Amino acid sequence: MNGPNNAVVLITGGGSGLGRALVERFLNEGASVAVLESSAARAATLRADFGKEVEAIVGDVTLYADNARAVERTVARFGRLDTFIANAGIFDFFQSLPQYEGDELAAAFDELFAVNVKGGLLGARAALAELVKARGSIIFTISNAGFYPGGGGPIYTASKHALVGVVKQLAHELAPKVRVNGVAPGGMKTNLSGLSATGTRAQSLADVEELEPMLREVTPLQIAPKPADYCGPYVLLASATDAGPITGAIINTDGGLGVRGIMNIRGGDAL
Numbered sequence: 001m002n003g004p005n006n007a008v009v010l011i012t013g014g015g016s017g018l019g020r021a022l023v024e025r026f027l028n029e030g031a032s033v034a035v036l037e038s039s040a041a042r043a044a045t046l047r048a049d050f051g052k053e054v055e056a057i058v059g060d061v062t063l064y065a066d067n068a069r070a071v072e073r074t075v076a077r078f079g080r081l082d083t084f085i086a087n088a089g090i091f092d093f094f095q096s097l098p099q100y101e102g103d104e105l106a107a108a109f110d111e112l113f114a115v116n117v118k119g120g121l122l123g124a125r126a127a128l129a130e131l132v133k134a135r136g137s138i139i140f141t142i143s144n145a146g147f148y149p150g151g152g153g154p155i156y157t158a159s160k161h162a163l164v165g166v167v168k169q170l171a172h173e174l175a176p177k178v179r180v181n182g183v184a185p186g187g188m189k190t191n192l193s194g195l196s197a198t199g200t201r202a203q204s205l206a207d208v209e210e211l212e213p214m215l216r217e218v219t220p221l222q223i224a225p226k227p228a229d230y231c232g233p234y235v236l237l238a239s240a241t242d243a244g245p246i247t248g249a250i251i252n253t254d255g256g257l258g259v260r261g262i263m264n265i266r267g268g269d270a271l
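If you count the sequence shown from 1, position 211 lands on 211 in our numbering, and the numbers rise without skipping.
Please note: incorrect hints may appear among the correct ones.
What the hints assert, rightly or not - Each pair of labels, with its calculated beta carbon distance range: (1) Glu-101 to Ala-76: 43 to 53 angstroms; (2) Ala-40 to Ala-175: 32 to 42 angstroms; (3) Gly-258 to Arg-80: 14 to 24 angstroms; (4) Ala-44 to Ala-202: 13 to 23 angstroms; (5) His-161 to Gln-99: 16 to 26 angstroms; (6) Ala-76 to Gln-99: 20 to 30 angstroms; (7) Arg-47 to Ala-206: 17 to 27 angstroms; (8) Gly-248 to Val-208: 14 to 24 angstroms; (9) Asn-28 to Gly-248: 25 to 35 angstroms.
To be verified - The calculated BS3-like cross-link candidates involving lysine-lysine, where the alpha carbons are at most 27 angstroms apart (straight line), are: (10) Lys-133 to Lys-118; (11) Lys-133 to Lys-226; (12) Lys-189 to Lys-133; (13) Lys-133 to Lys-177; (14) Lys-177 to Lys-226; (15) Lys-52 to Lys-177; (16) Lys-168 to Lys-133; (17) Lys-168 to Lys-52.
Since the hints were made in silico from the structure, they are not lab data.
Quantities reported herein were computed from a predicted structural model and do not represent experimental measurements.
Positions of the beta carbon are idealized from the N, C-alpha and C atoms, including for glycine.
My request is simple: use the sequences and hints to build the entire structure.
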């Protein structure tokens with residue numbers, strides 16, 4: 001793919017939050033967009049809002065057959081696939097290790113890793129043949145929790161650290177025909193949901209009180225970005241014209257958490 005213009009992009013979890021923002025951004029860049037979305041209602045909303053511009057497929061990222069069907073529908077509709085974005089995810093709502101009973105911990109781990117890690121791997125495998133044809137790319141949505149503690153509980157943090165390794169390994173394995181990169185956003189108010197195993201499936205990050213003030217407090221840039229603010233790096237990494245030499249890289253878009261330091265977490269006040 002030479003650039004987002006006329007490119008074909010498949011996004012998992014594209015019906016809400018960051019995924020929905022990515023749909024809108026890639027459409028604005030001139031791309032054709034397909035979405036694998038678990039919610040039939042959100043898929044219907046995509047069709048209502050964007051019409052024939054978006055191919056919305058209802059399915060489960062944890063099932064290889066659904067990932068393969070999404071790729072097939074994408075190619076049938078648009079003729080090829082240039083970029084696969086593994087974006088679907090769920091959250092553990094900061095539940096700490098002592099808060100789990102043993103059986104609950106095992107169930108929560110299996111549920112979260114199935115979506116956050118296995119789902120991305122299954123999607124990448126399903127898309128691989130088409131991406132090889134297109135000399136395309138894979139982009140994983142990671143998180144500040146892929147690099148630092150405190151962005152979730154141990155299960156979510158472990159899943160995002162795992163994806164850092166997945167990006168590096170797949171970039172190694174799939175070169176030179178497919179580039180593999182990641183974007184690691186900071187926090188944002190979305191409807192990222194919880195786990196059935198812990199009774200938080202109906203909750204979302206949008207329900208967390210004082211989330212945006214907390215984000216402004218802990219980031220050196222003192223910002224609480226919206227989902228749309230995180231989309232630019234995905235467009236960059238999808239473009240062989242602008243990111244041709246880039247593979248195995250992860251762009252951190254977390255407001256500067258990695259340079260926060262241990263003193264004066266507000267930072268910048270002296271300026």
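* **Violations among the numbered hints, reported as their numbers in ascending order** => Going through the list in order, the structure violates hints 3, 6, 8, 11, 12, 14, 15, 17 and respects the others.
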